[in-house]
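Protein chains in written order, with this note's numbering: chain C, -1 to 271; chain P, -1 to 271; chain S, -1 to 271.
Some hints here could point you the wrong way.
It does not matter which identical chain is meant; a pair holds if it fits inside one copy or across any two.
In silico SDA-like pairs for lysine to any residue, Cα to Cα no more than 20 Å straight-line [said to hold, decoys possible]:
| id | residue 1 | residue 2 |
| --- | --- | --- |
| 1 | K4 | Q152 |
| 2 | K258 | E238 |
| 3 | K49 | G98 |
| 4 | K49 | E238 |
| 5 | K261 | E11 |
| 6 | K49 | Q152 |
| 7 | K49 | T269 |
| 8 | K4 | H184 |
| 9 | K261 | H184 |
FYI, nobody ran anything at the bench for these hints, they're computed from the structure.
For clarity, every value in this text was computed on a predicted model and none was experimentally measured.
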Amino acid sequence: MNMTEKAAALLTEVRSRSPLIHNITNYVTVNDCANVTLAIGASPIMADDEKETADITAISSALVLNIGTLNHRTIESMILAGEKANECGIPVVLDPVGAGASLLRNDTVRELTRQIRFSVIRGNLSELSYVAGLPSSTKGVDSSDRDTGNDAAQAAREAAARLGCTAALTGAVDVITDGTELVKIHNGHPMLSRVTGTGCMTTALVGAFLGAGGDPFTAAASGVAAMGIAGELAFREAGEKGTGSFHMAVIDALSRLDEKTVKEMARFEETGN
Amino acid sequence: MNMTEKAAALLTEVRSRSPLIHNITNYVTVNDCANVTLAIGASPIMADDEKETADITAISSALVLNIGTLNHRTIESMILAGEKANECGIPVVLDPVGAGASLLRNDTVRELTRQIRFSVIRGNLSELSYVAGLPSSTKGVDSSDRDTGNDAAQAAREAAARLGCTAALTGAVDVITDGTELVKIHNGHPMLSRVTGTGCMTTALVGAFLGAGGDPFTAAASGVAAMGIAGELAFREAGEKGTGSFHMAVIDALSRLDEKTVKEMARFEETGN
Amino acid sequence: MNMTEKAAALLTEVRSRSPLIHNITNYVTVNDCANVTLAIGASPIMADDEKETADITAISSALVLNIGTLNHRTIESMILAGEKANECGIPVVLDPVGAGASLLRNDTVRELTRQIRFSVIRGNLSELSYVAGLPSSTKGVDSSDRDTGNDAAQAAREAAARLGCTAALTGAVDVITDGTELVKIHNGHPMLSRVTGTGCMTTALVGAFLGAGGDPFTAAASGVAAMGIAGELAFREAGEKGTGSFHMAVIDALSRLDEKTVKEMARFEETGN
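Using the sequences and the hints, build the whole thing.
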């Protein structure tokens, strides 16, 4: 199967299994993360107290760690949850929001990646450049990196190599690589960068695809493509109205997404590495 | 008056009194809880620091405690607020989100119900089964329990008896009982379970109806029916678009809800106990 | 230039500079604050851990402090961020949500205004009356003060004098004064008070206009007028649907706002002081 067929099949798995996904995430975009998890067919649970995160992870099918509004309490909770996930063989995805923007974020990313084995890391060019040890600049957490995908491919490869996991770098062109294979995704719409949290939501979707049993490379590609396709459909539906209606239309599109739409709209470019 | 007439009259009370409702709730669905409180005609205030919760409760007409994203800080705040509410004769409603899913949640529910007298507890089948001491299984916090209402009636009765309060169990068929009377509600739409927080929002609505002076049984039935009716109206309006638009349409419908709509659409089945 | 021309020009500055705005705000309305910041053309970053707030402030063009759901951890973070902003010459706006409603809020407002020099304070009549040392009553945090603007002008003048900054008092008629000049704004729609956080969002907009280099008086007037105009446009678009759709339409209108619309719709009354 090519990636389009794999992504379409995995979407159906999400909808039929409805995996429970544990999210420890930021309070800015958490409602959207829960709603896109439901929209794609999975079941979200948000819990971040250190006394319960391991318990909740243990009954979940995937764990999503997002450092968007990290603090000392939730950092500890993320580590406990991640260790439990590793112990139980539950896949973990990391969203290093704003990595590079503060010492605390940098230290936290280093600590998390040292103590936890991730299946996927999902970020934008500046975030994954930081993780990869390349020069990066962070301007906010909703930055849209406009490039041809070449810098992105390098940063994604380096990040994947450093962490020994799949790296999903989202931008004008998305790049997914597990260090061996690499796929570029030509879906999406610039308006996605005018709604906060579309990156976080993409990471949540990757968590849903992981929780349905997808291998990390396919799950990452499926989640990123799903958001890109939803952005295109939402722009058609509500782009002229403005970013509030577009935001809801993105969730609408995810909730209606099916195999047929994925097969018609996904634009994967499978290039090898 | 039958329950339909009581619920319609109480809605008008909410809109004319605009009671202040103190919510200590989770950060996933808090914005929706505030917005449905406003939509139904009440005035929300969210405050969770232990140094001010009692002050805020003291000026409010009802208190809503929701353990969706509990932590040691907010648990203490909930207890202080609940004790103040009991002292002042202010009604309190509990939403035991995810009860049964972790030791921390179970311990917290036990602690809260030991130290605070609740007027209403609102949960789904697995949550109220846990509270009632019956076998339960939790799969996420947005679980939709599909049953005929028989198990639900038993769990609601047991929970009401244990806590000495009204129990409101929401599912395909909702069951409200104060231990003496019991009413089933045949409103709602399955799409409500595809939006996060419709349970939390229902609890917030019950708080608004309590704050307007409703007795616990009527307030619980009114809040649950309001959400069910809003779900039906929202599905007509936006069901085909998807869950994002449906979500907004639920709030739209609550903001337009009036006595006439309640009288036309409420489907209460008053069965005695 | 009159205020309409200044506000229109400053809007274009926001859209062309896309300033990074650091918000330490409440978890009820934070998603909306981020989305209106993006809608108006700026770039939001939300970070509230005391170990990173100063770092984040230092790379930002303005700082927004909102005490809507304050707690001891975030109060400390606000002070650290505010001090860094003062040190670096970065403008700071304060939203004293619920000032007057609890001892903690009152103490916090006193502490913040003692330790930090603000460029703008934005609140409703009861909040700014508290800040001004005038009699006030708080009923919730979404109170809409219905008055002719006379009490408002007095409270705004006193608050501006006490803090030595621009005071922006929003209500049926908005009043902005820096102690020397005063402008009233006759935009807005009552439905704005039926959506939670329109006050917080207005403060976030003021932060965006400050971050684009606006002087405090112009930035405050521009932010308040932008929300008022958006409310009017949103009511035309979605007022009949209900408060959920109206909420999204407010964000839609902000995302489409341009110089032409500001010039056509802004209703500033420049009265001198």
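Verification of the hints:
| no. | hint | verdict |
| --- | --- | --- |
| 1 | K4 to Q152 | neither (25 Å within a copy, 45 Å between copies) |
| 2 | K258 to E238 | between (26 Å within a copy, 17 Å between copies) |
| 3 | K49 to G98 | between (30 Å within a copy, 14 Å between copies) |
| 4 | K49 to E238 | neither (46 Å within a copy, 41 Å between copies) |
| 5 | K261 to E11 | within (15 Å within a copy, 42 Å between copies) |
| 6 | K49 to Q152 | neither (39 Å within a copy, 31 Å between copies) |
| 7 | K49 to T269 | neither (45 Å within a copy, 42 Å between copies) |
| 8 | K4 to H184 | within (17 Å within a copy, 41 Å between copies) |
| 9 | K261 to H184 | within (14 Å within a copy, 39 Å between copies) |
Going down the numbered hints, you'll see the structure goes against 1, 4, 6 and 7, while the others check out.
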